[in-house]
Structures are given as structure tokens and as C-alpha cells.
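Enquirer: Residue numbers (this note's numbering), protein chains in the order written: chain A, 1 to 263; chain B, 264 to 516.
I should point out that these hints are in silico values taken from the structure, not numbers from a laboratory.
Be aware that a few hints might be false.
In silico contact screen, one side only, chain A against chain B (beta carbon under 10 Å); selected entries [to be verified]: (1) ASN163; (2) ALA168; (3) GLN169; (4) PRO174; (5) ARG257.
The structure displayed is predicted, hence computed values, not measured ones.
All C-beta atoms in this analysis are idealised placements derived from N, C-alpha and C, irrespective of residue type, glycine included.
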Amino acid sequence: MSDPASSVRFRGGGFAPASSRYSAWLAFAAVLVVWQGVCALGWVSPLFLPSPVRIVAALWHLAAGGEIWPHVWASLIRIVGGWAVGTVAGLAVGLAMGLFTVARATGMPMVSALFPIPKIALLPLLILWLGIGETSKIATIALGVFFPTVIAVYSGVDSVPRNLIRMAQSFEVPTAAIVWKVILPGAMPTILAGFRISAATALLLVVSAEMIGAETGLGAFILQAGSLMQTDQLLAGVTILSLFGLAVGRAISTLERRLLRWR
Amino acid sequence: MELVVDSVSHDFGDLAVMRDISFRVASGEILALVGPSGCGKSTMLGIVGGLLQPGAGTVATVGAPPRGSLNPLTFVFQDFALLPWRSVAANVAFVLEHAQLAPAERQAIVADTLRRTGLAEFAHSYPKQLSGGMRQRVGIARALAVRPEILLMDEPFSALDAQTRDLLIEDFMRLMAGNRLGAVYVTHNLKEAARLADRIVVLSRRPARIRETIVLDRPRAARDDAYIAAHQRALWSLIRDEAADAEREVANV
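In isolation and in its complexed conformation, chain A is listed as follows (with noise of 0.2 Å):
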């Protein structure tokens, strides 16, 4: 006689969730749909809420016609100038923080008192410095891309695995060729993540700039929008700053692949 078998259940299941594009787009589709089907049947008023085919139409509208062209040019030029200024100073002065002490000692105070300061709130001070022109937004711009670059290449550098460092040493390679060939490939993991938070805050700053004083750009184009109750150019803005920042999102992806195939 044999005790009798149970069989062992099985119970590792559940915790891994799975993504799948298919389901995303079905999801996406269906809020549309459902938004369309509340504005046809009248639920509520086209003036506080257009419908998505009205938004895509007066986007059409807005580009067919020219007249958006000028906002997109003039936003897209601060965000560019801005990140591109902010970077680079946040790139150099990262790096330094990660690599000497002298930099490390006096920065990180520095860094931490100045970088909860919401950036827009400067941008007065920064008027009166620069001018309503061009320079001011951009500045506000470089500061609030400036901070967290910072801390990302600080962060980055410094997690750069020191067993590296000390085999290039060993093998007597060359101080910038270590910073080079080491320090900056191994910090660019999080170099990369750092530009996420960057880029998203370049188009913030952008549009609280153009609110606040702007004649040109689409934080001031959906401002006046909204004062004229065209609610539908209102959120054609939007569409495109939306679209602005998934174009962002792309490139650093791609970016990520490129440089971090080897992860």
C-alpha cells in the first residue's frame, strides 16, 4: 500500500504584469471614443469641452492656415536654446562635483539650497536683469534644465564602479582618458534618466514663461485662447505640447539605445 498522492499546487503565480502595445492603442481608442459619444449626444457644452474631432480639425485649421507656425518656432527655439545652455554648464559642473573634491565640497551645498527653488518664480528677477526678450526666458529655462543635470552627472559619475577606476590605473591609463573612457560611459545610465527630468522641465518652464510674458509661443497662444473662449484652439495647443513631449521621450529612448546597447 501506497500513501495516497496529493499533488503539490501551484502557487507562483500573479506579479508579473505584462505589457502589450496592442491593449494600449484599444485603451487610448476607447477614452476617445467615449469623449466623442459625451460631446455628440450634447452631455456637455462644446464651449467648455470640444470634442476630439473638433480639436484635430482645428489643429488642422490652425496649421493648414500658418498661423501656429510662428508659436511652435518661437517655443521650440527656447526649449532647444535653454536645454542645450543648461546641459552643458550642468555637464561641466556635474562632472567637476563627481571628480574633485574642492568642486564636491563647495558645490553640493550649493546645489542643494539652490535647487527646490521653483525656477519660474525667478523669472521677474530674471526680466529685470535681461529684458522681456528672448534671454530671460531662456535663462529660466537653462536654470531649471541646469539643476537636475547637475545632479544627475554628480550622481552618475559617482556611481561609476571604483573597481574600474583602479583597473585603468593599474594599467596606467592616462587621467582624461579615464574620464573619458570610464567615468562617462558608466555615469551615462543615469547622465540619460537625468535628461528625461530635464527635457520635461525645459517644456514646463517654457509654457510658464510664454503665460507670463509672451506675445509669441504656445504657452502664450493657448492663453489667449482661453480668454477668447476658443476652447478648441485651447487644447490644439495642448495637442502640440503634448506631441512635443513625446518627441522628446522618443529621442531619449533612442538615445538610450544607442549608447546603452550593452546593458
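Fit chain B to the given chain A structure using the hints.
Expert: Using the frame of chain A, we list chain B on its own:
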């Protein structure tokens, strides 16, 4: 060329790590450093290789290194220390890029060392694609590429499983014999020491002093299992009590 370590002592803050360590290693000779865990073997190797400054004493090389040697004292690391973003070939090339070599010459050295270490077909693989044994082969290939005189090996095979370790040690012994290389070989594996070393320096627990130096009189190829086992037992009887003390000590630190 001969490596001369003379009366080296070292402290980490208040902690006395080693006292008055002296030994010599000549080209073509393998010296194993064994001792209880945490006795400062790796610190010793760091000092020998110029990665740490000794608190007292000197480390010197006597006699000219062979012509063409780019890095007479060359490390092989326990954790391999490979650049994960570089392919196998590029990891080996990394240590040659700052030397005055024509690109063709550099490529030739890389190809030659990869062939000698059995890595030719993995030249374009990345470290994460390789097994631990293959990764350490890259570490050894990288070390050979700079034509070293004495290898400084810090537990080079201890991160590997037993079977892989045996395979690598066999290949490593062939490479050493073919190149007349010397080595300072830090290990806690007494059997490994008895198999590979010409001389074994037995260190005491912290602060480490030299307890004994054992000379293995037979050539490596002629050591049978009984010979190795006898020396392993002898080493263990020297170390056992201190290893037990060292193990308990960790809890008191």
C-alpha cells in the same frame, strides 16, 4: 626582473593590517599568499601593485623589465573588472590605447592574446553575454596583452564554480609555462596554492605577519594528487586555528 617587498607594514586608521612583510618574486616564479580570511592578503597585493601606499616599508623592482613590456606588474582581478560597454576585443584593446603603438600593431596584439586565451570567436561579444569563466579569460587576455613580467592575481578564480575553476587553472598553468611569467597569487584556496605555487607565504591573522614560507620542490607538472593533498593538509594545519579565530572575530568588529 625581480619584485622585492621589504618590511611593509600597513594600517587602516586604528586597525593594524600587516606588520613587517618581506618577500621576493623573480620572473617565472609563482608565489602564493595564503592566510585566514580578512588577514590583509588583498591589501598586500594592492600595495605591491602601487594601488595603495604602504604605511611603512618599500616595494621595488630590481633589474630591467623585458623589452616591449608595457606594464611589468599587471593585475588580474577577482571581479574581472571588465568594461561592460566594450566588447571582448575592445576590453583588451583598452589597455593598449594609450601606448605608442600603430593601430595595426595593436590589433595584432589583441588578436594574438585572444587566440592564446581561447577567446578568438568571442572577440565581438560583450561581457554580459559571457560566462564567468570566459569573463576571467578576458581578464587574463587583457593582462597578457601588455606583456607583463609579474602578474598580480587577487583570488582570480574564486568567483567561478569549481568545474570552471579547474578548467581555467589548467589553461592558466599552460600560459604561465609558455611565457615564463611570474605571479603573486593571492588565494584562500589551499589546494590551488599547492597546485600552482613555487613558494607559498603563509600569513597570520590580522595584523598579518609571515608565519612560514613553504617551498614546493616538485615542478608543477610532476605534482600528483597525493603531493598536492599533503601540502594542502600541511597548510591547513598551519592556518586552521587562526581561521577559526578570524571567523569569530568578525562578529566583534
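Enquirer: Confirm or reject each hint.
Expert: Hint check results:
| no. | hint | result |
| --- | --- | --- |
| 1 | ASN163 | holds, 5 Å |
| 2 | ALA168 | holds, 8 Å |
| 3 | GLN169 | holds, 7 Å |
| 4 | PRO174 | holds, 6 Å |
| 5 | ARG257 | violated, 13 Å |
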